[in-house]
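Each chain, written out:
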Amino acid sequence: MSKVKTIEEVVAKLHDGATVFLGGFLGVGAPLKCIDAIAASGVKDLTLMSEVSGMPGGGFDMAILFKNRQVKKIITSHIGTCPELLEEYKNGRLEVELYPMGTWAEKVRAAGAGLGGVLTPTGVGTLVEEGKQKLTINGKEYLLELPLSAEFAFIKGYRGDKIGNVQYRGVSINSNKIVAAAAQYTVAEVNEITDVGDIDPNLVGTPGIYVQAVVQGYTFDEHKEVFNTRWESINALKKKK
Amino acid sequence: MSKVKTIEEVVAKLHDGATVFLGGFLGVGAPLKCIDAIAASGVKDLTLMSEVSGMPGGGFDMAILFKNRQVKKIITSHIGTCPELLEEYKNGRLEVELYPMGTWAEKVRAAGAGLGGVLTPTGVGTLVEEGKQKLTINGKEYLLELPLSAEFAFIKGYRGDKIGNVQYRGVSINSNKIVAAAAQYTVAEVNEITDVGDIDPNLVGTPGIYVQAVVQGYTFDEHKEVFNTRWESINALKKKK
Amino acid sequence: MDAREIIARRAALELNDGEFVNLGFGMPTAVPNYLPKGVSVVLQSENGCLMMGPTPYVNEGDPDVANAGGQPITLLPGGSIFDLCESFAIIRGGHVNTAILGGLEVDQEGNIANWAKNAAKNDFSPGMGGAMDLVRGAQKIVCTLQHNDKTGESKVLKKCKLAVTGRGVVNVIITEKAVFHVVNGGLILVEKDQALSVEDIKSCTEASFSVSPDLKDYRMSGINA
Amino acid sequence: MDAREIIARRAALELNDGEFVNLGFGMPTAVPNYLPKGVSVVLQSENGCLMMGPTPYVNEGDPDVANAGGQPITLLPGGSIFDLCESFAIIRGGHVNTAILGGLEVDQEGNIANWAKNAAKNDFSPGMGGAMDLVRGAQKIVCTLQHNDKTGESKVLKKCKLAVTGRGVVNVIITEKAVFHVVNGGLILVEKDQALSVEDIKSCTEASFSVSPDLKDYRMSGINA
Numbered sequence: 371m372s373k374v375k376t377i378e379e380v381v382a383k384l385h386d387g388a389t390v391f392l393g394g395f396l397g398v399g400a401p402l403k404c405i406d407a408i409a410a411s412g413v414k415d416l417t418l419m420s421e422v423s424g425m426p427g428g429g430f431d432m433a434i435l436f437k438n439r440q441v442k443k444i445i446t447s448h449i450g451t452c453p454e455l456l457e458e459y460k461n462g463r464l465e466v467e468l469y470p471m472g473t474w475a476e477k478v479r480a481a482g483a484g485l486g487g488v489l490t491p492t493g494v495g496t497l498v499e500e501g502k503q504k505l506t507i508n509g510k511e512y513l514l515e516l517p518l519s520a521e522f523a524f525i526k527g528y529r530g531d532k533i534g535n536v537q538y539r540g541v542s543i544n545s546n547k548i549v550a551a552a553a554q555y556t557v558a559e560v561n562e563i564t565d566v567g568d569i570d571p572n573l574v575g576t577p578g579i580y581v582q583a584v585v586q587g588y589t590f591d592e593h594k595e596v597f598n599t600r601w602e603s604i605n606a607l608k609k610k611k
Numbered sequence: 371m372s373k374v375k376t377i378e379e380v381v382a383k384l385h386d387g388a389t390v391f392l393g394g395f396l397g398v399g400a401p402l403k404c405i406d407a408i409a410a411s412g413v414k415d416l417t418l419m420s421e422v423s424g425m426p427g428g429g430f431d432m433a434i435l436f437k438n439r440q441v442k443k444i445i446t447s448h449i450g451t452c453p454e455l456l457e458e459y460k461n462g463r464l465e466v467e468l469y470p471m472g473t474w475a476e477k478v479r480a481a482g483a484g485l486g487g488v489l490t491p492t493g494v495g496t497l498v499e500e501g502k503q504k505l506t507i508n509g510k511e512y513l514l515e516l517p518l519s520a521e522f523a524f525i526k527g528y529r530g531d532k533i534g535n536v537q538y539r540g541v542s543i544n545s546n547k548i549v550a551a552a553a554q555y556t557v558a559e560v561n562e563i564t565d566v567g568d569i570d571p572n573l574v575g576t577p578g579i580y581v582q583a584v585v586q587g588y589t590f591d592e593h594k595e596v597f598n599t600r601w602e603s604i605n606a607l608k609k610k611k
Numbered sequence: 009m010d011a012r013e014i015i016a017r018r019a020a021l022e023l024n025d026g027e028f029v030n031l032g033f034g035m036p037t038a039v040p041n042y043l044p045k046g047v048s049v050v051l052q053s054e055n056g057c058l059m060m061g062p063t064p065y066v067n068e069g070d071p072d073v074a075n076a077g078g079q080p081i082t083l084l085p086g087g088s089i090f091d092l093c094e095s096f097a098i099i100r101g102g103h104v105n106t107a108i109l110g111g112l113e114v115d116q117e118g119n120i121a122n123w124a125k126n127a128a129k130n131d132f133s134p135g136m137g138g139a140m141d142l143v144r145g146a147q148k149i150v151c152t153l154q155h156n157d158k159t160g161e162s163k164v165l166k167k168c169k170l171a172v173t174g175r176g177v178v179n180v181i182i183t184e185k186a187v188f189h190v191v192n193g194g195l196i197l198v199e200k201d202q203a204l205s206v207e208d209i210k211s212c213t214e215a216s217f218s219v220s221p222d223l224k225d226y227r228m229s230g231i232n233a
Numbered sequence: 009m010d011a012r013e014i015i016a017r018r019a020a021l022e023l024n025d026g027e028f029v030n031l032g033f034g035m036p037t038a039v040p041n042y043l044p045k046g047v048s049v050v051l052q053s054e055n056g057c058l059m060m061g062p063t064p065y066v067n068e069g070d071p072d073v074a075n076a077g078g079q080p081i082t083l084l085p086g087g088s089i090f091d092l093c094e095s096f097a098i099i100r101g102g103h104v105n106t107a108i109l110g111g112l113e114v115d116q117e118g119n120i121a122n123w124a125k126n127a128a129k130n131d132f133s134p135g136m137g138g139a140m141d142l143v144r145g146a147q148k149i150v151c152t153l154q155h156n157d158k159t160g161e162s163k164v165l166k167k168c169k170l171a172v173t174g175r176g177v178v179n180v181i182i183t184e185k186a187v188f189h190v191v192n193g194g195l196i197l198v199e200k201d202q203a204l205s206v207e208d209i210k211s212c213t214e215a216s217f218s219v220s221p222d223l224k225d226y227r228m229s230g231i232n233a
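Residue numbers (our numbering), protein chains in the order written: chain A, 371 to 611; chain B, 371 to 611; chain C, 9 to 233; chain D, 9 to 233.
Rather than coming from a laboratory, the hints here were simulated on the basis of the structure.
Hints should not be assumed to be uniformly reliable.
[Claimed, not checked] In silico DSSO-like links for lysine-lysine, alpha-carbon gap of 30 Å or less:
1) 158/D / 375/B
2) 443/A / 510/B
3) 510/A / 460/B
4) 224/C / 504/B
5) 532/B / 375/B
6) 224/C / 148/C
7) 45/D / 532/B
8) 504/A / 403/B
9) 502/B / 167/C
10) 510/A / 510/B
11) 437/A / 403/A
[As the list claims (entries may be wrong)] Simulated DEER-style distance windows between Cβ atoms:
12) 68/C / 387/A: 24 to 32 Å
13) 443/A / 463/B: 53 to 61 Å
14) 225/C / 605/B: 38 to 46 Å
15) 202/C / 589/A: 55 to 63 Å
Where is the CB? At the ideal position from N, CA and C, for every residue including glycine.
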C-alpha cells in the first residue's frame, strides 16, 4: 500500500472551487512542482490558504495561479509580496481574508488537532476583532479564533517514505508541518522518496498518518539550483568580492 | 553567558510551596538526577504538575518525593501507577487535580504559547465538565480549558548546549518539550553538555529561549544502564532463550 | 478458549489493512496476535510514537523507547516519534482509524465507562489518562468487555452507572457472547455465539437491542474468519 | 547622518547582552550593525529560526534557510529551527525580550499602527503579517519612526488615525528627534536631540507628553554611547 503517486494523479483529484492549503513561506518550502501542475491543470475558483503569499518579485511559487486567474479567494496573513496576486485583488477578482500570522497558524493547528478554537490576545482592539466572540479570562481580553481546514494540502518535504512519513530540512518546515495535519487529502512533494525505515523516527516531522500521497519534486540538487538561481535573479545573495 | 549550572545551584532556587513541572512519562524522559536533588533538598508543600505519575512499581522517578511527603498537590491525568503517591492520596495528605491527558498537554501548551485557553471536545458529558465554561461551535459542544503554568520546570534532554538548546532522543521528548515552554525557570537535565554549534539546528527540540539552566544528568551510558536495570527488575524485558 | 481470547480474536476482525490503531490497556493489547492474514496495522502509543514493535530482550532496551505503560518497546521500520501535544492532536483530530478499548460498562446509547470505579468523589480513581481523548477522537471506537460480571450482572446496560468516559461515542461493542453495533443511539445485535439463541442474549443483557436482519454467528480471527 | 541611521543607532541601545530580539522590516533591520561593544543578541526570524546570521554569497544560499522576507540567510552556531506554530508560540507567549518595529503612526496611549495605510475597507492593505502577534507578545516593544511626515505632520499622535496593530502595547518610541517612554498610558520624554529645546519637540509633536526629570541628550551607539 505505497502512497507514492505521480503529480498528475494527485492534481487530477482537484475540482473547481476546491479549498487548498499551500505549504511554504514566500516560496521557501513551497511545493513548486505541484503548483506548476495545478496551473497546468486549469482547475479554477480555488480557495487558497497560505500563511503568506508568493516570494517577493513575483513569477515564482504560487504567482502563476493568480496570473492564470485560477484563484477566487485567498486566506492568509499577508498579500503584499506577490504582484500577480495584487493585480487580481485590485481588479476586484480576488477575495482576501486576513488573519494575523500567528493566529492563522493556530487556526490551522486547531483544525488538525480537533480543537473547537483557541483564545488569542492577538488582534484585540483592532479590525481583526470584527465579528468575533470576545472572552475575558482573568481580566484579560481574548478573541475566539475558529479552526481552519481544507480539502487538500500540498506540502514540501525533504525526504518522504512510502508510508507517508516526511522529514523536513531547515526553515522549509514553516507552515508545511501545520497544514499537513488539517486537510482531508495531504500531498507531500519531496526531494527524495525513500524506502520505509530510511528516515530516523526522531527526524520525522510529519508522520504518515497525516499524509495521503507522496510525490517526487525537484531532486535536492535541482532544488538548490532553483533557489540559488532565483535568489541571484532578485539580487538577494551577496556578490563575492 | 553560559547557562550551565550545577544541580545544587538550580535546586536551591526552589522554595516551600513552589509550583513545579516534572517532564517525562512514567519515568521515561524524567529528570532523574534533579528529582533526587529535590528530594535531598527537603523542600516541601510542592505542587507538582506532571502528565502522568511515576513508573509502575514505584521506587523510581518521582516516587521519592511522595515517600518524603514533599508534595501537597499533583496536577496530572493519571495517578494509578505510583504506589507512594497513592499512599499519600489515600491518607488524605495529597490533593489531586485531574485532566484528560490530551487536555493536560494543551493547557500547558496554551500557557507557553500565550493563548488564553483552548476549546476541546474531550470530557464533554463527563465529570470533567464540572465548573468549566461550555461553548457550542457549529452545533458541537466544547469545554474551555485554561492555561497551566508553573514557576519551575525540570526537563530531561539528550544533549544540551551552553545557550540552552536541547535535543531530545526517542519518546523521551514526551511532555518535556511542552513543559519547557510554560515555566518561568526551566532546567534541562541532559546526558551530554555540548558546545554551542554542536547541535544541528534541525535537531533542536527546545530552543534555548525557553531554557534558563542546563545541568549534567546521567551520561548516556549510565542512562542506558539505569533503565535496563530498572526494566529488568520489574520483568519488563524479554528473557533471551 | 477463555473469554479474553475470544474477544481479542473477534476484535482483530474490526481492523483493516493499513489502519492506524490505538489499543487500550488490558484485553485490547492481545488483538495484534490475531490479525487476519494480509492485514497489517500501525500501532500508536499515545506517549508519542507510531509503529510500535515488540518488547526488547534483557539489556537491549532503549532507555528512550517505551510505551504508554512506561515499558520498553521497539519501533518497527517506518516508525515516527513526536511529543504529547502532537500525539493527542493525532488522537483528538480524528486521525486514528480505530481505537479498541476495554470497558467497565457500556450502554445502549453508546456511552462507555472505563476510568473510574464509581462516580463518587472519594473513589480514588486512578484518573482518566488518555481514555477521554481517545473516545472523542478516534474514527471508530470498539468497546471490548466481558458480557457479565462475576455475579452474572450485565455490563451492557441501559445506562452506565459508573462515571462515563464519553457519551454516545462507541461504535461497536464486543463481548465473548455477542457483537453489537451502535446506530443512531441504539444497539443492533449483529453477531452472537452460535450456541446461544437471541433469547439467551436478551436474558443476559440489560440493554435493549434490535436484531440485525443479517445476524451472523460470532466470528473469530484464525478460527472461523 | 540620515534619520534612519540616527534611529537605528539609538534603537541599538535598547538591547541588552544575551537578549532574544525580533526586528521588523525596514529601519529595524539595520539595528544589529550598531550593537554596542559587548552586546550580542539572538535574532529570531518569525518564519522559524533563532540565531539568524548574514546573507550568504552567490551560489552558496541554502534553499531551506531564509528569513521572514523570503531572502536567503545563514544561521550562526547555536541556531535552532521550528515550525510557524512554535515560532509564534515563542512570540505570543512572551519569550522574546524585545521587538523593534517600524511604525506608520504611534500615539500617546501606546497604540501603534504599522500595517494598513488607512482604516478603510478598500485600502488594499498588504495584511498584518506577524506584526499583531509581535506587539501583543514581546516583553518590550520599541516603535521606531521618523518624527514627522514629508509635509511636517507629527507621526507621534494623540490618537492613531490609521488602523492600529495593537492598543497600549508600545513601551518605547524612538524618532530621530526624541525618545519617549510610554508609562501608564502617557508619554514621558526621556531623550531629545541636543540641538532642540523641549519647546521645539512640543511644537513638532501632536501627542501630549511629560518631561522626565532625568531628561538626557539623544544617545547614539558608536557616537556618544
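Verification of the hints:
1. 158/D / 375/B: Given that 30 Å is the threshold and the Cα spacing comes to 54 Å, the pair is violated.
2. 443/A / 510/B: Distance of about 27 Å is within 30 Å: holds.
3. 510/A / 460/B: Between residue 510/A and residue 460/B the Cα gap is close to 38 Å, so the pair fails against 30 Å, i.e. violated.
4. 224/C / 504/B: It is violated: about 42 Å lies between the C-alpha atoms, which goes past 30 Å.
5. 532/B / 375/B: Holds: residue 532/B and residue 375/B sit about 10 Å apart, inside 30 Å.
6. 224/C / 148/C: Holds, at roughly 21 Å.
7. 45/D / 532/B: holds, 21 Å
8. 504/A / 403/B: violated, 45 Å
9. 502/B / 167/C: holds, 24 Å
10. 510/A / 510/B: It holds: about 26 Å lies between the C-alpha atoms, which stays within 30 Å.
11. 437/A / 403/A: holds, 17 Å
12. 68/C / 387/A: 24 to 32 Å: violated, 55 Å
13. 443/A / 463/B: 53 to 61 Å: holds, 59 Å
14. 225/C / 605/B: 38 to 46 Å: holds, 39 Å
15. 202/C / 589/A: 55 to 63 Å: Given range 55 to 63 Å: holds, Cβ gap about 59 Å.
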